[in-house]
Each structure stands twice: as C-alpha cells, then as structure tokens.
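Student: Taken in order, these protein sequences are the chains called W and H. In case it helps, numbering that gives the first Met the number 0 puts the first sequence at residues 0 to 226. In case it helps, numbering that gives the first Met the number 0 puts the second sequence at residues 0 to 403.
It should be emphasised that the hints constitute simulated quantities derived from the structure, not laboratory data. Ideal Cβ positions, reconstructed from N, Cα and C, are used throughout, including at glycine. Be a bit skeptical, because a hint or two may be false.
[Claimed, not checked] Straight line, CA to CA, 30 Å or less: simulated DSBU-like cross-link-like pairs of lysine-lysine:
1) H:K186 / H:K156
2) W:K113 / H:K206
3) H:K191 / H:K206
4) H:K3 / W:K162
5) W:K117 / H:K7
[To be verified] Have a look at the derived ranges for each label pair, beta carbon to beta carbon:
6) W:E125 / H:Y386: 52 to 58 Å
7) W:H57 / H:L288: 49 to 55 Å
8) W:E191 / H:I305: 31 to 37 Å
9) H:V342 / W:A136: 56 to 62 Å
10) W:A136 / H:Y386: 54 to 60 Å
11) W:A136 / H:L328: 34 to 40 Å
12) W:R139 / H:L328: 28 to 34 Å
13) H:A29 / W:K160: 53 to 59 Å
14) H:I382 / W:A136: 36 to 42 Å
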Amino acid sequence: MSVIKAENVQKTYNETKVPVHALNGVNLTIEKGEFTAIVGPSGCGKTTLLNILGGLDHPTEGRVEVADTNITDMSDGNLIDFRLQNIGFVFQAYNLIPVLTNKENIEFIMLLQKQDKKTRDDRAMELLNQMGIADKADQRPSELSGGQQQRVAVARALASKPKVILADEPTANLDSKSTATLLDIMAKMNAEENATFVFSTHDQRVIDKAKRIITLEDGVVISDVTR
Amino acid sequence: MIIKIAWKNIWRSRARSFVVIGSIVLGVWALLVATGFMNGFMVSYMADIINHDISNAQVHNPEFKKDFDITFYISNGAKKAAELRNWPEVKATTTRTIINGMIASPKKATGVQIRGIDIENEVKVTQLDSLIKEGTYFTGIKRNPIIIGSKLVEELKVKVRSKVVVTFTNSDGMITSGAFRIVGIVKSSSIKINELYAFVRQEDLAKISGIGNQVHEIGILTKPQVDEATIITKYEGLHKEDKIETWKEIAPELAFMQSMYSQMLYVLMVIIMSALVFGIINTMLMAVLERFRELGMLMAVGMNRIKVYLMILIETVFLGAVAAPLGLLIGWLTISYYSNTGVDLTNYSEGLESFGYSSILYPYLDDNVYVIVTISVFVTAIIGALYPAWKAVRLNPVEALHKL
Ligand SMILES: Nc1ncnc2c1ncn2[C@@H]1O[C@H](COP(=O)(O)OP(=O)(O)OP(=O)(O)O)[C@@H](O)[C@H]1O
Ligand SMILES: [Mg+2]
Numbered sequence: 000m001s002v003i004k005a006e007n008v009q010k011t012y013n014e015t016k017v018p019v020h021a022l023n024g025v026n027l028t029i030e031k032g033e034f035t036a037i038v039g040p041s042g043c044g045k046t047t048l049l050n051i052l053g054g055l056d057h058p059t060e061g062r063v064e065v066a067d068t069n070i071t072d073m074s075d076g077n078l079i080d081f082r083l084q085n086i087g088f089v090f091q092a093y094n095l096i097p098v099l100t101n102k103e104n105i106e107f108i109m110l111l112q113k114q115d116k117k118t119r120d121d122r123a124m125e126l127l128n129q130m131g132i133a134d135k136a137d138q139r140p141s142e143l144s145g146g147q148q149q150r151v152a153v154a155r156a157l158a159s160k161p162k163v164i165l166a167d168e169p170t171a172n173l174d175s176k177s178t179a180t181l182l183d184i185m186a187k188m189n190a191e192e193n194a195t196f197v198f199s200t201h202d203q204r205v206i207d208k209a210k211r212i213i214t215l216e217d218g219v220v221i222s223d224v225t226r
Numbered sequence: 000m001i002i003k004i005a006w007k008n009i010w011r012s013r014a015r016s017f018v019v020i021g022s023i024v025l026g027v028w029a030l031l032v033a034t035g036f037m038n039g040f041m042v043s044y045m046a047d048i049i050n051h052d053i054s055n056a057q058v059h060n061p062e063f064k065k066d067f068d069i070t071f072y073i074s075n076g077a078k079k080a081a082e083l084r085n086w087p088e089v090k091a092t093t094t095r096t097i098i099n100g101m102i103a104s105p106k107k108a109t110g111v112q113i114r115g116i117d118i119e120n121e122v123k124v125t126q127l128d129s130l131i132k133e134g135t136y137f138t139g140i141k142r143n144p145i146i147i148g149s150k151l152v153e154e155l156k157v158k159v160r161s162k163v164v165v166t167f168t169n170s171d172g173m174i175t176s177g178a179f180r181i182v183g184i185v186k187s188s189s190i191k192i193n194e195l196y197a198f199v200r201q202e203d204l205a206k207i208s209g210i211g212n213q214v215h216e217i218g219i220l221t222k223p224q225v226d227e228a229t230i231i232t233k234y235e236g237l238h239k240e241d242k243i244e245t246w247k248e249i250a251p252e253l254a255f256m257q258s259m260y261s262q263m264l265y266v267l268m269v270i271i272m273s274a275l276v277f278g279i280i281n282t283m284l285m286a287v288l289e290r291f292r293e294l295g296m297l298m299a300v301g302m303n304r305i306k307v308y309l310m311i312l313i314e315t316v317f318l319g320a321v322a323a324p325l326g327l328l329i330g331w332l333t334i335s336y337y338s339n340t341g342v343d344l345t346n347y348s349e350g351l352e353s354f355g356y357s358s359i360l361y362p363y364l365d366d367n368v369y370v371i372v373t374i375s376v377f378v379t380a381i382i383g384a385l386y387p388a389w390k391a392v393r394l395n396p397v398e399a400l401h402k403l
C-alpha cells in the first residue's frame, strides 16, 4: 500500500530574478513501512521535495497523492488539517514548544486531534520510554541536550501514528553519538510500529542505516536503491 | 491547551509583558482618578448651586424673569406654596419676594438682589443656615436683619452688625430705601450667593416694597429619586397662569456641564485607550515576529489558523486580565482614600473659588465606571491583538521555518 505517490513533480521558484528550477519532474512512490533516505548534493532539491510531499508547499507541475488523497490543489487551510491527520514532521532545528514540558510537547498533536486525556497520557509515556527519556517527561525542552530534544520531536511526530513521517535533515545539528542513537530509535519505531519514515540527509552514517536510498541531482531522481 | 500555551507565552518575555501590564495599570488608574476628581469637582459645584440656590424646581410669574419687575408676582403665591408642600413628591417649599436694587455701605455701593425669604421654610429647602460663616441666621438682631455673601462683604468693606442701606424702585415706581443690619455672612461655591444675594425677612421687605406679602418665586425641593418632570406636568395642569421650571431649565449651563463632564469620561477613555492600543500592537507584533519559526512549526504540524489567531488574541486578553484588576484596585484605593480625607486645594483655591469650586475636593466614582473601564480594557486588548494575530496567521510555514 503506497502512502505517497508523486508524479512528474516540478517546482520552479519565480520570486528570484532568475527562476530557479528546484525540481524537474520527480516520480516516486513510498510504501507503508519504508525507511527511506533522500540524498544528494546541496541545492539538489531535497528540502523542496519534502515540503511538497508534506503538503507545506505546492508543486508548480505534477501531482502529489498522500494517503490516497490528491493534495496537489488542496487549499492552504485544508492542507493544515490534512497534515494534522496524516503527516508527522521532524525538523532540523527540533522546533519544540519551549513553554510546554517534553510530555506536553509529545501530546500536543494528539491534543489538536482532540484525543482524550488517557489516550494522550498513555501514548506519551509509552513514547518517552521508547525514546529513553521517561525521566525528562516534566522538564522543559531547553533542559535537554540537542539529541534528547530531537528524540522528543520524533516522539511528537510519532504520537498520533501518522501515515508518514517526514524529516528534513533531522541529524544535521547532532553530534555523531546522538545521530546514531536517534537513527537507532527511528529504526526501532519503524520496525515496532511499522512507522513510515522519509528523511533527507548528507550524513553517510545516516545513509548507511536507510533501507531505501533515493538520490536527487538537479531536481531529478538519478538513482533509487532498496536494500 | 491553547489557553495554557497563551498564558505561558505571556511570561516568556517578562520585561516586555510587564511594560504592557504596567502601562495598562497606569492607564486604568489615571482614567479612574481623573474621572473621580472631575466628578468630585462637578458634584460639589452642582450640589452647592442646586441645593443652596436653585433647588429642584421653581415657580414664577411668566413675565417676572423678563425684567424682574416688582409687580410680576405669583398670584396667591403663599397659598400655592402651602398646597405644594402637601404633594407626595415634594419635600419642602418656600416663597421669596425678589427685588433687584442697590446695596450701600458708608464706603461703597453695588448692585444686589434683595431676597425677602420665609426664614423657616428657606432653611428646609436650601439649608441657607448651613452656609453661615460668621454671625447668625437671623437671630440676635431684632430690627431689619440682613444676610449677605462673603464676597459682597469684602466689596462693601463691612462686617457683622454693620449697617447697610438697600435701595430699589417700589411698585409705584418710587425709589425706596431701607436700613438693615448685617446679622450673618454666608459663603458658598455659588457666585450668586457669595456676591449677588442679600437675604432679608419677607415681612421686613413687605413694609417698604409696596406689594405687601406677595412673592415672586416658589422654590421646590423634591423627595429623593423624584423625576422633576412629573411635578412640572402636575403643576402646569393645576396653574396654567404660572411658569414652573426645573433646575435644568433655570440653569441650562449646569445641565450642559453635567452632560459634558459625563462625556469627558469617554473622551479620556478614548485618549488613554488609543495610546494603549499602540503599545499593545507593538508588543504583540514583537511577540509574533520573535516566534515566527515557532508559529510556522505550529501551522506545519497542523494547528489551524483559527487556533493560531485565538492563541494570539487570548495572550493579549490575558495581559489585560492581569493588568485590569490591578489598575482597578489601585484606582479604587486612591479614590476611596481621598473620598474620605478629601483633597485640600486651599493653596490653589483662590483661583478655583472664583470659578465657584470649593477648596476641599472629594473625588467620587459611580460603580458603573469600573465596569465601563474594565470593558474598555478588554476591548482595547482585542483591538490591539487583531493586527498581530492577523500577521501570525498569514505567515507561510515554509518560510517561517527557514527563519532563524
Ligand atoms: N524559497 C526559495 N526561493 C528561491 N529559490 C529557492 C527557494 N528555496 C530553495 N530554492 C532553490 O531551490 C534549489 C533547491 O533547494 P533545496 O533547499 O530544496 O535544496 P536542498 O537539497 O535541500 O539543499 P541543502 O542540502 O543545502 O539543504 C536551490 O537551488 C535553492 O537555491
Ligand atoms: Mg535542504
């Protein structure tokens, strides 16, 4: 069952003096339960592609389907709700809510989805345990290391069991040890909950952990390897 | 949760929030105190003039006010005053014979309004005796006692027991005069009482006026909470030949002042609140811009625009909710304190008294002013939040997430 289907996705940025063709016809399908890395040199269009797949941005041409829904022409307002119900995000800069505790951060999306308190509580504690930071539940994100904050962010993305979790360079701000820990946790959640991960990276050690590697260059897929 | 986040957000930048809270507190306080003092001025000023001079309503001969001619008296005035006294709406009435003339001391002469009063009923209507600052209220001098105001005393350079002569044209058109002895000196915020009036006993005046016991004016004091208009209609139905007016018609400038002062609250409110609006817009805009990336994240992960908008709005309202009670409390304490002790303006009162204000001021606020001010703070907070909140929902998550 495919969770993402992209057909001939093109993206041109016209705000600049010279139009930038960031994506030039990307075709790809992501299946449920995949653990996929999107790689390629800087400027090849990784971020642009993830934004479009995640419904944060509209493609100039082509068609994007997520969870069997065509989101290509969906309005921005509807996209917000669509993202809430279907897509988890992990950002390079963690982007946790500083005024909430780590546990509340994890519960946040379930709360927007109007899940009841017990469900939220149980799920947040389960994830905190799986992330190995159960003792930090009631602390603020600022009291954690970068690696720990990113684990909270992964837990937040996983909490509502979205169809797919998109992560743009999730380890770029982390040292190698934290990177390894985070990747192990992501791989574990991929195995245990069959969570679908698509992440972009430059880091060879991250690439090594991926089961499928899609390589972009100048806005087109030049190789797609599944191991 | 939005409420919780909003509440916590206002404490993120404490200094900034305290500046806004502080300015709201100050604004509310200033508004209350300014209004309280203005009310104090107005209440004491109006009370003096209405209570001690005009009273609630007056009856005259319709021709009388045109030239104060001595012959335009009220027919059966004394009888009508007695009849009014029995009305359920009326607390007291009194009659006056009013003649314009001159008053002279050995040193000086000046214009005066001689008011021949019914000394017992006058007290019931205007408490004239309470204004006596020197001497007595018609006791101690048997023959032709007269009471005049403190300003007039200064002008004539006289004192208690001095002799003065009043001169006027009697009903036959003859110049008449009578000698009186000052029995008391009155002092009031009312310029008329201080400078213009000379009070004598009706019966003393009757001997020289040529119109006997006829009266020109009936002063009416109503019971509390009685609408003067009901008395007017009732009296007009009974005695078409007379003219009855409320204090608002007799002294339209006072009625105007009263309405002007009550509008001053709104004028001040608009001024203070618009200053606050700009402060709030500025602060909330900073709060939004500073959190651009965070707001972008919230929208990226699925917080819809209505919730983002509400969050900013609630944050602002919380600032008002913290500040308003503080400002109200401090304002209330200030007003309560001074309404007991009064503010002594004696140092400045030379100027003030010549405007008719008394020198000790008791600020005073209606309870509904607190309600109006509270509502205005929240309205102001919401107005101040509209633009920053709109800025927040218009952001593009992709761009916002890129910002550092
Ligand atoms: N908002 C934008 N306006 C104009 N051009 C843009 C914009 N965002 C990206 N680009 C351009 O689009 C191309 C692809 O950018 P993108 O950020 O997707 O690359 P990337 O693969 O994520 O690079 P990196 O590895 O450095 O993050 C680049 O040439 C970039 O300059
Ligand atoms: Mg990128």
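Student: Does each hint fit the structure? Answer for all of them.
Tutor: Hints and how they fare:
Distance hint between K186 (chain H) and K156 (chain H) is fulfilled; the C-alpha atoms sit about 16 Å from each other, no more than 30 Å. With a C-alpha separation of about 95 Å, the suggested pair K113 (chain W) and K206 (chain H) falls outside the 30 Å cut-off, and the hint is violated. A hinted pair counts as satisfied when its Cα atoms are at most 30 Å apart, and K191 (chain H) with K206 (chain H) qualifies at roughly 25 Å. With a CA separation close to 29 Å, the supplied pair K3 (chain H) and K162 (chain W) stays within the 30 Å bound.
Under the criterion of a C-alpha separation no larger than 30 Å, the hint pairing K117 (chain W) with K7 (chain H) is consistent with the structure, at around 23 Å. Our hint of 52 to 58 Å for E125 (chain W) and Y386 (chain H) is violated, since their Cβ atoms are close to 42 Å apart. Take H57 (chain W) and L288 (chain H): their Cβ atoms lie about 25 Å apart, and the range 49 to 55 Å is violated. Distance hint check for E191 (chain W) and I305 (chain H): the Cβ-Cβ separation is about 36 Å, which falls inside the suggested range of 31 to 37 Å.
The given range of 56 to 62 Å is respected by V342 (chain H) and A136 (chain W), whose C-beta atoms sit roughly 58 Å from each other. A beta carbon spacing of about 38 Å between A136 (chain W) and Y386 (chain H) contradicts the range 54 to 60 Å that was offered as a hint. Between A136 (chain W) and L328 (chain H), the C-beta spacing of about 39 Å keeps the proposed range 34 to 40 Å intact. For the pair R139 (chain W) and L328 (chain H), the beta carbons lie near 33 Å from each other, so the given range of 28 to 34 Å is met.
For A29 (chain H) and K160 (chain W), the hinted distance range of 53 to 59 Å is satisfied, since their beta carbons lie about 55 Å from each other. Taking 36 to 42 Å as the suggested C-beta distance range, the pair I382 (chain H) and A136 (chain W) conforms, at roughly 40 Å.
Checked against the numbered hints above, the structure breaks hints 2, 6, 7, 10 and satisfies the rest.
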